[in-house]
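Student: Sequence lines, in order, name chains A and B.
Anchor point for the first sequence: position 246 equals 246 in the working numbering, and the numbering is continuous, going up by one each time.
Anchor point for the second sequence: position 23 equals 23 in the working numbering, and the numbering is continuous, going up by one each time.
Everything labelled a hint here was simulated from the structure, so no lab data went into it.
Treat the hints with care, since some could be wrong.
Which stretches of chain A does chain B cover? Using the computed rule of at least three CB atoms under 8 Å from a CB of chain B, they are [claimed, not checked]:
hint, region
1, 206-212
2, 352-362
3, 370-384
Away from chain B, derived, C-beta distances all over 12 Å, residues of chain A [what the hints assert, rightly or not]:
hint, residue
4, ASP19
5, THR220
6, ILE223
Just the calculated beta-carbon pair ranges, DEER-fashion [unchecked claim]:
hint, chain 1, residue 1, chain 2, residue 2, range
7, B, GLY129, A, THR220, 37 to 45 Å
8, A, ARG470, B, GLY122, 16 to 24 Å
9, A, ARG249, B, GLY122, 23 to 31 Å
10, B, ALA14, A, ALA416, 52 to 60 Å
11, A, ARG249, B, GLY129, 26 to 34 Å
12, A, VAL244, B, VAL144, 41 to 49 Å
Since the model is a prediction, treat every value here as computed from it, not as a measurement.
Glycine included, each C-beta is placed from N, C-alpha and C at the ideal position.
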Amino acid sequence: MKNPTNDLQSSADHPAHPDVVERALDAVRSQPAPEGLGVDVLLKAADWSPADLIAGTARSRVLSVVFVVAPVGIAAALLLYFNWFSNSPTSRFPDYDGAGIAGLQPSGITSGITSSGLPAPTPSPAALMGVYRTHFQSIAAADAPVMVATGHQESLPVGAYLSYRRPGSKLHVWNWNQSTQSQVIDGVEFLPYDLVALTPDGKRLLWANGELLDLTTKATTQIDLGGAFHLAGSYHEHTQVAKVPRITRLEFTPDGKHLLISLNAIQLRESDHPLRDQDIFTEPRLQIVEFPSGKLVAHLPVGLAVSMSHNNRDFYVTKREPGSVIAVHALQDGKQTRVIQPAIRGFAYAVTDSPDGKYLAAADSESGLLVWNIESGNLHVRVPSLPQTARRLSFSPSGKYIASSNSVEITIIEVATGEILATLRQSAVEQVYWSSDDAQLTAVSGLHYYEGGPEQIYVHLNSVSTWDWRNDKRVKHLDTSHPQ
Amino acid sequence: MVFETSWRLLGNRADVEECVQEALLDAFRMHSRQVVDNWGGLLRLLVTRRSIDCLRRRRHAKEISPEAYARHGDEPEQRAVERELAARLRAAVSRLPDQQASVFALQCFGEMSRSEVAGVLGITENAVGVALHKARTQLNTMLVEENDDSVAKPRDAESPATAKDSN
C-alpha cells in the first residue's frame, strides 16, 4: 500500500485539484453524516418562531419528540440540563467545590494583594487609557476621548468612514463628551503598523520606536526602547533593508511608572541543513522597562497571557501548557513571587484581578470562566456556559461585573452570582474599558493586516463602540470599516 | 444542516452529538436574554463554535471513526488519502484564529452565504471575504508544510534549553 503522505504530496499538483484546501474540503464532504440520530428532528426548531418558544408550544413539541424519537441518552442529557442548570454553576463540578488556590492562603498572601492592604485605585481618568494598533490608532474609554490617526486633513465627525490607503500624518482626537467633531493635531507621523501606547494620565503618546509626544504641548522627546524593528540586510545604499517587527505589544502599568514590552527576540542557530549555515528563530519574550528612563528592570520568557495587577506591584503570567498555573511576578525586578494552581483544566487565555484586589479571574479553554476570592483562596464562582473561550477579561471599577470578550461578542457577568447579564455583539474585541460608574462599557475592535499589492493596501476593520450594556444599546460608535 | 456542519468539522459521531446538544442549549439560553432574528443561522454559528472548541481540545491522538472505515470497501488507498486529508484539514482549522475559523467553517462546512455569515457574526461582508481569504491562505500553507520534511520547526520558547531567566 502506498504511503498516504507520499500520495498526498505527489497529487498536490494534480491539474484537477490544484488547491489542496479545496481537495481537503472535497474529502470532508465525501464522508456523509451517519443516519438515524434523531437529532435532525430537533433541528427543525430552527424554523419555529420565537413566539412559539415563548409560548412554550414549541418547547413541549421538542420534549415530546425527544422522548419519542431520540435515543434515551440524548433525552436524559437534555432533562438533566434543563433541571440542573438553573442552579449554581458550581454544583455540577464537585471537584471544584471548595477547591483552593495553592499558595494563596491568608497568611501567605503577598502584601498588597489583600483587600485591606491595597492602595486606593487610581480613579478612571477623564483621559485615554489604551491604544490599539494599526495606522488608525484608537484610544477610548467611556468617560474619555477617542483618538484615531489618519491621513485626512479636515476635522472629521464621529462615525465617519476613514480612508486607509495612505499613512496618517495627522492625529485626530474626538472628545465624545464635548463634541462630535475631531480635533486635528498636525505633523504627527503615523505610519502603517506603528505601535503606540498612551500614558495612563492621557497626556503623552509613546511610539514603539521610542518617540514620546506630549499631547498638550506637542513637544516630542526620545526614549531608547531598543528599536521597534529588527533590521535585516546590508546597509549598502543599493540594498533594501528588511524590517521585522521587534516590539509586538506596549503596555503601561496602571501607575504609568513601568512599561511591559512584548517582543520577538531573534536567535541565530546552527542549521542542520547541509545548504544552510544558520537558521533564524523568533522567540517571544517580555521586558519590564522603567518609564520614562528606559532602564531595563527585567527580561523573561513570555507566557500565554500576561496581565497587570491593579496593585501596580505585580503582573500575572500564564503558561502555554494545558492545566497550567498562574505565575505572579514582581514588577520591580520581574522575579516570580508565587505560583497559583487554580485547577485550570485547559489553557488560560486571559487572567486579571479586580481593582479592589478581592478577586482573581481566569478564562479556561476547557471550563469557561473561573473567579476566586484571593483572600480565602476559595473558588468563588464558575461560569461554564460561555460559547467561546474568553481572550480578554475586565472587571468593572466596582468589581461587581466582569466583561469577557472573545472574537465574536462581549459577555457581562455578575461576579457575585456568576449570572450572565448581557451579551453584546461586537467582534474582534481587543480592548474593553468601563465607565467609572459601571454603567457603560467601551470596546475597541481591530481586524487589520497588510494585504500588499501595487497599491500597498492596509486593511483595517476597526471600530470603537460605547455600550449601555444593561439595555443592549450602542450609545456611541466610531467605525473605520472599509466602505462597501 | 446544523448537524451536517458539525459532522464535517469533527467527523466523530459522539463529539457531534455533544456539540449539537450544547449548541441547542446555548440557543435556548440566548433566547431568554435577547431577540433572535435568524434561528437557523444562530444554531449553525453556535454549533460551529462548539465544534471548533472541541477540535482544539483534541490532543495529538488520531481518532478512527468506525463508520468511515465501514462504508468504504473499494479503492482503499484513495479513501485512506482522503480520510487523512480530511483529518488534517480539521486539525488545521482548529489552529486558525477564532474569526477565521468561524468564517471558514460557516461558509465551507456550513454552506452559508457571505451575507448570512456576516449577519450571524455581526461583521461586514467585506470582513467575511477578508477572513475567508486569510483562512484559506493559512490552511493551504499548513496543509502543504505538513508534507514538507525539510521545514525546520522552531523550538518551543519555553524549553529549558532556550529559556533565559534573569532571575
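Student: Cβ-Cβ distance between A:VAL244 and B:VAL144: within 41 to 49 Å?
Tutor: violated, 23 Å
Student: Cβ-Cβ distance between B:ALA14 and A:ALA416: within 52 to 60 Å?
Tutor: violated, 37 Å
Student: Mind taking a look at whether chain B covers the region 206-212 of chain A? Criterion is 3 or more residues with CB to CB distance under 8 Å.
Tutor: Per the Cβ count (0), the hint is violated.
Student: Can the suggested window of 37 to 45 Å be confirmed for the beta-carbon pair B:GLY129 and A:THR220?
Tutor: With Cβ atoms ~39 Å apart, the hint holds.
Student: Would you say A:THR220 is clear of chain B, with no C-beta pair closer than or equal to 12 Å?
Tutor: Label holds. Min Cβ-Cβ 31 Å, cutoff 12 Å.
Student: So the hint says 23 to 31 Å: do the beta-carbon atoms of A:ARG249 and B:GLY122 match that?
Tutor: This hint holds: roughly 26 Å between Cβ atoms.
Student: I want to verify a distance hint. Is the separation of the beta carbons of A:ARG249 and B:GLY129 within 26 to 34 Å?
Tutor: holds, 28 Å
Student: For the region 370-384 of chain A, count the residues whose Cβ lies under 8 Å from any Cβ of chain B; is that count three or more?
Tutor: violated (count 0)
Student: Does A:ASP19 sit more than 12 Å from chain B, CB to CB?
Tutor: Label violated. Min Cβ-Cβ 7 Å, cutoff 12 Å.
Student: Would you say A:ILE223 is clear of chain B, with no C-beta pair closer than or equal to 12 Å?
Tutor: Per Cβ check, A:ILE223 is outside 12 Å of chain B; nearest 21 Å; holds.
Student: If you look at each residue in the region 352-362 of chain A, do at least three have a Cβ nearer than 8 Å to any Cβ of chain B?
Tutor: violated (count 0)
Student: Using the C-beta atoms of A:ARG470 and B:GLY122, is the stated range 16 to 24 Å upheld?
Tutor: Given a distance of about 19 Å, which is inside 16 to 24 Å, the answer is holds.
Checked against the numbered hints listed earlier, the structure breaks hints 1, 2, 3, 4, 10 and 12; every other hint is satisfied.
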